[in-house]
Amino acid sequence: MKILVCISKTPDTTAKIAFTDNSTKFDTNGVQWIINPYDEWYALVRAIELKEKDSSAVIHLVNVGSADAEPIIRKALALGGDEAIRVNADSHDSFFVASQIAEVAKQGNYDLVFTGKETIDYNGSSIGGMVAELLDLPYVSLATKFELSETKATITREIEGGEENCEVELPVVVSAQKGMAEQRIPNMRGIMAARTKPLKVVEPTSVTPLTNVSGFGLPPAKAGVKLVSPDNVEELVRLLHEEAKAF
Amino acid sequence: MSVLIFIDTNEGHVKKASLEVMSYGAKLADQLGTVAEGVALGTVTEDLSALGKYGVKKIHHVNNDVLNHFDAQVYTKVIAQVAEKTGAAVVIFSNNVDGKAIAPRLSARLKAGLVSGAVALPDTANGFTVKKNVFSGKAFANITINTAIKVIALSPNAYQVKTGGGSAEVVPFTTNVEPGKIKVTNVTKASGEVPLTEAEIVVSAGRGMKGPENWGMIEDLAHALHAALACSRPVADAHWRPHNEHVGQTGIAIAPNLYIAIGISGAIQHLAGVNRSKVIVVINKDPEAPFFKAADYGIVGDAFEVVPKFTEAVKKLKGS
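For the protein sequence lines, the chains are A and B, in the order given.
Going by the working numbering, the first sequence wraps up at 247, each residue one higher than the last.
Going by the working numbering, the second sequence wraps up at 320, each residue one higher than the last.
With the rest of the complex left out, here is chain A (with noise of 0.2 Å):
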């Protein structure tokens, strides 16, 4: 059994968003980068869970990034995986990240590849099924629950208004979200091990992006609130019929 996650670096949750460069570029000056939580909490997550409940599981994480990834390439290790593999290319567009992840996935052979369901920063949802039809295999996405007998996995996922129960036989590409798995802390075991667990470093493939950010920019700020007397909640109702014309 073998299981690929793929991990993303992104801000963290509350990192300042600004621009550089004419707002071409994300300011990166004084950001805290973290592994993607849809990544690490759902898809690292429940992978380490698969390989508790088997030990002959192995996993193995791919980035696609430059060396400035490798400290929370460390942290996943930490969290569990068993050895890295990153691609040392900047992620120009989500098609060109897919196809260097579809690249890895072929050479790995692997049975399971997870992803999270979008990452924070470009919130594409994209990866997973560009890394599914690449390969062509089948896609669940927006996955809640994961689980694994022998070869068929049984999983369900977020629809519009509910949820649907599928299963599907190995191999397959799956993105998690929320219900998939809870967040953990790395403990000084792992991240002693994760020091000398193996982190390959291969070149990308050569792929031409689809597509560029030519810029970037800022909502417009709000107006102000208006601020409406509790002992008088009609005159809020009346604002949002009347004037926000809200319903």
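Quick caveat, the hints were computed from the structure, so don't treat them as lab data.
Misleading hints may appear alongside valid ones.
[Stated by the list, open to error] Simulated pairs of lysine to aspartate or glutamate, EDC-like, Cα-Cα distance not exceeding 20 Å:
hint: 1; chain 1: B; residue 1: 315; chain 2: B; residue 2: 219
hint: 2; chain 1: B; residue 1: 309; chain 2: A; residue 2: 231
hint: 3; chain 1: A; residue 1: 245; chain 2: B; residue 2: 46
Fit chain B to the given chain A structure using the hints.
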């Protein structure tokens, strides 16, 4: 050349998100001097030709039973065939549950650049650039697509539904559809409730409600407004409310017309998931709650007193 729109259905009914995508696609087709066409998969119980009023001229209907269960791999193959046959220059999805699964697959299959979570019409004056939300709604990016075929997944509630045109020509599209590898065993739906991502109005509550036993008044207000229910992360983590109601950076991102936040302080992670709401109302007894800075209307007061009055006032207004 055409603009091809994926018409997403649920148990044979066209989803509201698809009406937005058709309106958006029709406008884009105008902008590009071409026509908007649709593709619908599986059994559709509605009259597809009536969708012409949203601006689509022709709908390719692949009416094959295999397509009555969603499988992104199977759907992608069929949509790719329709796109190739119709010479689609742009293929548009809603960035909803299904769109998030199919659009990236189609992008990889056709080597067509993708912008997911688009919030505005493309700027086609010089190239093809689409605005999308990034950093969970804290910023936006303009993404330029550099390929001949483009794929767009439009954020729900980002584009107003527009009606006008006449009826659409419905043409059967026949192709050999191989069953997929995913077997759907069960579908559960919370009956009668508005799906959170499609809701026009959302009533959301947080730790200020003190415990799950106090949610009755929140449900009453939601009911009076025909709103969907949501909650903050601590509430979902404490299992006061189900995870699928959690909105925010690590939950669901929503953009309703009206978002009412009750007893939620407004941490940056929560704001990220809701700040695209058109109107935000905050009810909190702490005047220093950061949420007031992001709100349009606010009441500094005790939710336990304000919310029942709110519900009564709504009922009174709607009754009159």
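We went through each hint and held it up to the structure:
no.	hint	result
1	315(B) with 219(B)	14 Å, holds
2	309(B) with 231(A)	9 Å, holds
3	245(A) with 46(B)	31 Å, violated
In this structure, only the earlier hint numbered 3 is contradicted, and the remaining ones agree with it.
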